[in-house]
Amino acid sequence: MALSDLTLSVAVEAPQHSGLAGALHYSSPQDLPPGTLLRVPLGKRDLLGIVWHGSASDGTPPDGTQLRPVGALLDCLPPMAPAWLALVDFAASYYQRGVGELALAVLPPELRKLDPPGLAKRVARLLKKLDATPLPPTAPVQRPQLGPEQQAALAAFRTAFAQAGATPRPAPLLLHGVTGSGKTEVYLHAAEDALAAGRQALVLVPEINLTPQLEARFAARFPQHRLVSLHSGLTPVQRLRHWLLAHLGRADIVLGTRMGVFAPLPRLGLIVVDEEHDPSYKQQEGARYSARDLAVYRGHLERVPVILGSATPSLETWQHALPGPRQRYQRLPLAERVGGGALPRVRLFDMGVLPRTNGQSPVLAPMVVDSLRQRIAAGEQSLVFLNRRGYAPVLHCADCGWKSGCPHCSAWRVFHKGERTLRCHHCGFTERVPRACPDCGNLDIAPLGRGTEKLEEQLAELLPGARIARLDADTARGKGQLEARLAAVHAGDVDVLVGTQMVTKGHDFRRITLVVAVNPDSALFASDFRAPERLFALLMQAAGRAGRDAAQAGASEMWVQTWHPQHPLYAALKTHDFAAFAASQLAEREAAGLPPFSHLALLRAESRDVAVAQAWLEAAAALAAGLPGGDGVTVYPPVPPAVSKVAGIERLQMLVEAPSRARLQQLLVHWMPALHGLRSRHKGLARWAIDVDPLAI
DNA sequence: AGCACGCCGACT
DNA sequence: GTCGGCGTGCTC
1 MALSDLTLSV AVEAPQHSGL AGALHYSSPQ DLPPGTLLRV PLGKRDLLGI VWHGSASDGT
61 PPDGTQLRPV GALLDCLPPM APAWLALVDF AASYYQRGVG ELALAVLPPE LRKLDPPGLA
121 KRVARLLKKL DATPLPPTAP VQRPQLGPEQ QAALAAFRTA FAQAGATPRP APLLLHGVTG
181 SGKTEVYLHA AEDALAAGRQ ALVLVPEINL TPQLEARFAA RFPQHRLVSL HSGLTPVQRL
241 RHWLLAHLGR ADIVLGTRMG VFAPLPRLGL IVVDEEHDPS YKQQEGARYS ARDLAVYRGH
301 LERVPVILGS ATPSLETWQH ALPGPRQRYQ RLPLAERVGG GALPRVRLFD MGVLPRTNGQ
361 SPVLAPMVVD SLRQRIAAGE QSLVFLNRRG YAPVLHCADC GWKSGCPHCS AWRVFHKGER
421 TLRCHHCGFT ERVPRACPDC GNLDIAPLGR GTEKLEEQLA ELLPGARIAR LDADTARGKG
481 QLEARLAAVH AGDVDVLVGT QMVTKGHDFR RITLVVAVNP DSALFASDFR APERLFALLM
541 QAAGRAGRDA AQAGASEMWV QTWHPQHPLY AALKTHDFAA FAASQLAERE AAGLPPFSHL
601 ALLRAESRDV AVAQAWLEAA AALAAGLPGG DGVTVYPPVP PAVSKVAGIE RLQMLVEAPS
661 RARLQQLLVH WMPALHGLRS RHKGLARWAI DVDPLAI
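Numbers 1 to 697, taken from my numbering, label the letters of the first sequence in order.
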C-alpha cells in the first residue's frame, strides 16, 4: 500500500458466523464518498461492496497485514444516500446482523453480479428505453369526493407534510379505518400532494398478491407519474430495473412488499404502510427485520411523514396512538364506510348445541347452511373461511392407532385428496396416500378433521347446484390460477368461495353478503400470546369482505361457528369494537409483562441432536448472566417451538425478556460476539440465530 | 457462505 | 502412482 493511500471501510457480503461482522477495510488511492458502489476482492472472490463510513473507518482494521486495494468503481450510479446507509446501519445493529450481510441482501441480487461496464450498459439501455416510451399526455383524472373523516385525515397528513424536514419531526399517522372506509383514497390523496411537491412516494403492502390491484389503482390515478413495484415475485432483471428507476429518481411511486422499505429514494416524501398489523412485514429468515418498524424509523431519519393504515392495528402501534403523555403517533379514525355501507352483522353459532354423529359435529350448522342457501337463491355471493388447507390434517387408522406422521418432522402429513398424496407442510415430504394402514394393513384408514378441500366437497353435497370455488395456497399455485379464480368471483360466476385466510385479505369483493368462519376457535387457546390479536384481525378482515356494496350492505352478515360463544374476543367482534378488544388485550399484556410492555428476543438453536442445542442454549444463558445489561433481563429456559423437528433437524428456542429496548440492545451487543465464540465448543450445532422483536414465540 | 488446503480409498 | 471424498480454516 502506497503511503498516500487511504483506508476505506467497505460493506461486503461476509456471513455473520465467519466472524467478519462489521465492514471490511481496503486501501484506495482516492477518497470515495460513503455509499459508493464498487467491486472488492475477498479471498479468491470478487464481490460487490459499498463504501461504508468513508475514510473515517469504523471497526478495527486488521493490524500488521497489508490491506488489499479496492477494485473497480460502479460509477455510473450515484452513491447510496447517507439516509439509506443510516437505515441499513441501524437495522443491522438493531437486528444483530453484519452490515455487509444486510446491505447486500437488500440490494437487487442481479446488481451483485455486474461489473462496471455491464452495469453501465444496463443503465444506458434502461434510460434509453425510458426516453423512448414517454408517459401518456396528462388526462383529467376522476377523483372521488372525500368524506369528512377522510378530509380530516388528509388535513393531518398535510400538516405533517408541511412540517417535514423541520423540527419537531412529524409524528407517524395511524389511519385507523374499518375495511371499506376508504383508506386507499387517503393514501392516493397524500401521494398526490407528495408527487405535486416533486417528491417520491413509497407504499408498502403485506403480500405480493395485493400489489397488482393497488398498482392498478395508483397507475390509473397518476398516469403522468412513473410507478414501479418491488417484491420477490419479480424476475431478477425486473427487480434490478425497478430498483434502478427508484435509485435514479426516475420512478415517482414505489409499491413494494417488506423489502421495499430499503428502496433507495433520493426524493422520498411519503411512506405508507398499508395493513400495518400484518405479520408478513416481519422477515422470517436472515436478518429478521420488521419493515413496518423500519418504515417508521426511516420516516424519522428522512423527516418524512409515515402513514400506518389498518382496521385492526398491532397493539404496539395502537399503544403509541393512545392519548396520554406517552402518545407518539397521531390517530386518524375512519369509522364510516364509504357510501354509507354498514359492517356486516356478526352472529355467533354455538356449536355445542349440535348433536354429534359418530362423535363428529357437522361441518356447518343447519342455520348457517340455510343462510348460504338463501344468499344463493337471492343471487348473492358467500365466503366460507377455514384456515387449514388440504383435505384433512391427518389420516388415522382406527384399528392400531397409526397416524400419518412425517418421518422427518414432528408434524402430521396432510391428506390431499385431489392429488392422492400425504404431504408435510413443513418440509414438503410427499408420498402417495397408502391404500391400507402401513402398520397393520387395515383398509379402513380415515381422515381426521378437515381442511378447505374437504369443506369444498361437503359444501357441494349440502348445496347441490351451487357454483363453488376454492382459493388457497394449493389452488393458487399455478401461474395465473389466483387471478383466474378471483376474476370468476368478480364476474359473478361463483356462488360460494371457500378458502384459507388468503381470501380474507384485501380483495374487494363487491357482491359478497355472507361470510362464514367455520372453526376459528383453535387460536383462542394457542400458547402464543399474540394469537388472539391475530385472530381478531383475521375475523375483522374477513367480516370486511362482506357488504362492500352499499345497496346490499344492510343485509350482510357474518357467521362465526364456535364452541366458545361467550369468549370476550367474540363479544368485541360482534360490536366491531376494536378499541375495547385492544384495551382488554393491553391490560392482559401489561399484567403478564409482555410486549408492548416489555421487549423480547428469541435465541434459536438447531441440531440433529436436541441435547446439543439444549447444551448450547444453556451455555448461552450462563454467558448472558455475567454480561452488562444481563441483570434485569430474564432469560427463560429453552423450549421446543410448536413444531420441534423439521426436515430431521431438532429446534429449540430461548426467550429473552427485557424491560426496555435499550436494555435488550445493551445485552445483545455484548452477547452476540460471545455467542459466535461459543459455537466452536459445541460440535453438531447446525445453526443458531437471534430474532429481535419476534412475532411468534 | 465460498473456496481453499489437507490427508486417506478406487481408478486411467 | 493420481482423482477426489468432505473435515477444518480463512477471508479486510
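Simulated from the structure, these hints should not be mistaken for laboratory data.
Among the hints, a few may not be true.
In silico DMTMM-like pairs for lysine to aspartate or glutamate, Cα to Cα no more than 20 Å straight-line [stated by the list, open to error]: (1) K417 to D370; (2) K128 to D46; (3) K417 to E431; (4) K113 to D46.
Estimated spans, in silico, between C-beta atoms of each pair [unchecked claim]: (5) F597 to K121: 28 to 34 Å; (6) P61 to R112: 20 to 26 Å; (7) R345 to R217: 28 to 34 Å.
Just so it is clear, CB atoms sit at the ideal spot from N, CA and C, and this is done for glycine as well.
Verification of the supplied hints:
1. K417 to D370: 27 Å, violated
2. K128 to D46: With a Cα-Cα distance of about 29 Å, the restraint between K128 and D46 is violated, given a limit of 20 Å.
3. K417 to E431: The given pair, whose Cα atoms are some 12 Å apart, holds under the 20 Å limit.
4. K113 to D46: 10 Å, holds
5. F597 to K121: 28 to 34 Å: 55 Å, violated
6. P61 to R112: 20 to 26 Å: 24 Å, holds
7. R345 to R217: 28 to 34 Å: Given about 29 Å between the Cβ atoms, the range holds.
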